[in-house]
Amino acid sequence: MPTDHIVVTFTTDDKKLADNMCAEVIAADLGQCAQIEGPITSVFRWHGEVHTEHEWRVEIETTAEKANAVVEHIRANHGIEVPEVVISDIEDNVMIGGSAPA
Amino acid sequence: MPTDHIVVTFTTDDKKLADNMCAEVIAADLGQCAQIEGPITSVFRWHGEVHTEHEWRVEIETTAEKANAVVEHIRANHGIEVPEVVISDIEDNVMIGGSAPA
Amino acid sequence: MPTDHIVVTFTTDDKKLADNMCAEVIAADLGQCAQIEGPITSVFRWHGEVHTEHEWRVEIETTAEKANAVVEHIRANHGIEVPEVVISDIEDNVMIGGSAPA
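Residue numbers (the working numbering), protein chains in the order written: chain A, 457 to 558; chain B, 457 to 558; chain C, 457 to 558.
Hints are supplied without guarantee of correctness; some may be wrong.
Same chains, same names: a pair is fine if it fits in one copy or spans any two.
Mimicking SDA-like on lysine to any residue, the simulated pairs with C-alpha atoms at most 20 Å apart in a straight line are [said to hold, decoys possible]:
id: 1; residue 1: K522; residue 2: D469
id: 2; residue 1: K472; residue 2: H503
id: 3; residue 1: K472; residue 2: T519
id: 4; residue 1: K471; residue 2: V506
id: 5; residue 1: K472; residue 2: H461
id: 6; residue 1: K471; residue 2: I546
id: 7; residue 1: K522; residue 2: C489
id: 8; residue 1: K522; residue 2: G504
id: 9; residue 1: K522; residue 2: R501
id: 10; residue 1: K471; residue 2: D460
id: 11; residue 1: K472; residue 2: H534
id: 12; residue 1: K472; residue 2: E509
If you're looking for bench data, these hints aren't it; they were derived computationally from the structure.
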């Protein structure tokens, strides 16, 4: 049972970018696993107008130690200058089982 | 970094209602953004029988100050008399970046 | 408003297994409702290689009292020997309304 379990989340309208980001982060051993959900519909205001677009939500499971490196990777490779990234500490959740082969 | 970050969540089996609710809430400046996921499969008991239906999950990002108005809007416009609405305070999460234009 | 609200989450690459598990758990009154999201894309390392596969995420809403029975049911019926199961206590969330007929 990990004592330190972090999920880093961001969205993008570019599925290919989501795929690449996950593959790179996992290949670099910056996270245990990643999941991509979507397409989801995002609704937001931009310069006073309501916009709707399709996006993909990416969740990367990592540790406190590696979370900053994951965020740096996202910021360096995301198409948006300052993407919104959410870091959730879900340490309070109880995790049972799961395999973690190298 | 917001000190107050709330997500209001509900589900509906009516995609058009989900779309309209998001557009109205964002247009009225009751939330920063909204996301619609689905279709998801919901399984529940109703009068002793197991039912399965397709639904859409709506998540509206807002502030503590505006959360009640969002909930009131959902309850007034949702097709079900008393829909289940979940209000999550995710203030403990760390949010990095993201743009918030008017 | 429940004082005790638990969500048990797991993933599987078998949609039929997800459907059956939800129907069984709800029929046995081990949870109030269940939701299946997907397909989602999972990216992970396995013996040094990056793998990608489609999975389904299952979330079962239950109570603290019944959570262990839900986990036991999942472990006994999941195709993987030791599936990863996450138990989240979302008691701090505020739940409004929702119907809970027998």
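Results of checking the hints against the structure:
no., hint, in the structure
1, K522 <-> D469, "neither (25 Å within a copy, 27 Å between copies)"
2, K472 <-> H503, "neither (28 Å within a copy, 25 Å between copies)"
3, K472 <-> T519, "neither (25 Å within a copy, 32 Å between copies)"
4, K471 <-> V506, "between (23 Å within a copy, 18 Å between copies)"
5, K472 <-> H461, "neither (27 Å within a copy, 29 Å between copies)"
6, K471 <-> I546, "neither (26 Å within a copy, 26 Å between copies)"
7, K522 <-> C489, "within (13 Å within a copy, 29 Å between copies)"
8, K522 <-> G504, "between (38 Å within a copy, 18 Å between copies)"
9, K522 <-> R501, "between (33 Å within a copy, 16 Å between copies)"
10, K471 <-> D460, "neither (29 Å within a copy, 30 Å between copies)"
11, K472 <-> H534, "within (11 Å within a copy, 31 Å between copies)"
12, K472 <-> E509, "both (16 Å within a copy, 15 Å between copies)"
Hint compliance for this structure: hints 1, 2, 3, 5, 6, 10 are not met, and every other hint is.
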